Amino acid sequence: MGFSEKAEVMDAEAIDRALTRIAHEILEANKGCGDVALAGIMTRGVDMASRLAERIERIEGTAVPVGSLDISFYRDDVSIRLSPEVHTTDIPYPVEGRTIVLVDDVLYTGRTIRAAMDAIMDYGRPAAIQLAVLVDRGHRELPIRADFVGKNVPTARRERVKVLLEELDGREAVVILEDDGKGE
Amino acid sequence: MLTSRHIMTMDDLSPEEIALILDTAESFSEVNQRRIKKLPTLRGRTVVNLFFEPSTRTRTSFEIAAKRLSADGINFSASASATAKGETLRDTAKTLAAMSCDLVVVRHKYAGAPQMLAEAMDCSIVNGGDGVHEHPTQALLDLYTMRQALGRLEGLRVGIVGDVCHSRVAGSLVPALRKVGAVPIIVGPPTLMPARPDILGAEVAYDLDEVLPTLDVAYLLRVQFERAARMPFPSNREYATLYGMNLARLEKLPAHAIVMHPGPMNRGVEISADVADSARSVILGQVESGVAVRMAVMYLLLGGADSGAAA
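If you read the protein sequences in the order shown, they are chains A and B. Just so you know, we're using this note's numbering here: the first sequence kicks off at 18 and counts up by one. Just so you know, we're using this note's numbering here: the second sequence kicks off at 1124 and counts up by one.
Please note that a few of the clues may not be correct.
[Claimed, not checked] Okay, the calculated bits of chain A under chain B, using three or more residues with CB under 8 Å as the criterion:
no.	segment
1	131-144
2	173-183
3	189-195
[As the list claims (entries may be wrong)] To give an idea of the interface, some chain A residues facing chain B are shown, with a C-beta separation under 8 Å as derived from the structure:
no.	residue
4	20
5	87
6	90
7	161
Think of the hints as simulated: they come from the structure by calculation, not from any bench. Remember, it's a predicted structure, so these values are computed and weren't measured experimentally. Beta carbons: idealized from backbone N, C-alpha and C, even for Gly.
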């Protein structure tokens, strides 16, 4: 692929603990989950959102609605490259007046989140939008920050951060990949 | 994402590209269910609808698709443009090119007009129907509708019934069905069959009643009286009796089979009103699919690298 694994920054247990803590933080910040709904950003954010929902239900005893968001059509680089695969967005709850927690695996430039906020706004006017990410790797290009962060991982731009999830990748870890100079 | 910059005939698309267009259209049909049916995707792009033949659904469908993607849409119709003053197609193309548009949808009474535009202009061309040649986006939306209604395309037996020789819809649908592994069967009176039906690659039949029980889709073509040099059959009534879809013939179709028509319908000729409005007819579904499929086509042609080079 041109990228080789440089370091593992989170293992299965660390991911598990981070998600549990984020679930608690979401409940704390919103004083429960009455008006809260989750929206996972395709593709790994969707699995993370359903994991967070499970934990919130375990803690609070109430289910929070979960949706999935494909932001391909909202990207600001549509004219440069197309998303390899477009998925269908599914927001099965009214957005109007709710607190929407966007869930993504890695926060990097902030452009994905900008697009996701636009996408959510097209469904209605939420009371608030919050952001939960497993990894914040820095290098923001827009004035965006996460409300809930699993782990801050300082990186170089030439590196890549990859979140591997059991259900998609058969392995549970956060790894840093580095360009091995062989090209893609 | 598509290897061709244009969609002029079904030859421009591989089976994989057809699947990509249909999958992308599925995402867009979710957008069309929303309260706010608008995406910022093609903001700042210009789509010109250049229609030299009358059209309601195709032109409107492309126009709505462009608007839902935030592209700027402009309509040129032959009667209101310089064409009425004698401008040639090539000059019209160059004029439009000088205004730097990104995509032109063209409908023309002569086959090959889109090809000519593509040579004269530096933008993507989508064939919105050229003479009796092809109408590829219609075939794509038909495939989409079939897949939605029947859950698959491979192996489907699709009877394309009626005025095959004047039909650009059939011209695109037959190769499109073959590409996705479905089986096209053309059915009609010999006077409305192409001169060499065998070279189309479809099964050929002349007796509709014999074919009906084997079909998954009965696709009725509009009899194009305006294109026929002379009346191709003795009377509308005789045509309806032999080749028109009516309730009695609907009974002969398998229970799961659907009825399609590209519109506009000649009610009482190729299709009876009660069949057109029955639960088995997906004719309005075809119109609905049209918007999503055309959004997908525009997205895939205009998105990605500027000027066609892969990023």
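For this session: Please name the hints from earlier in the document that this structure breaks, with their numbers sorted from lowest to highest.
Result: Per hint list: 2, 3, 4 and 7 violated.
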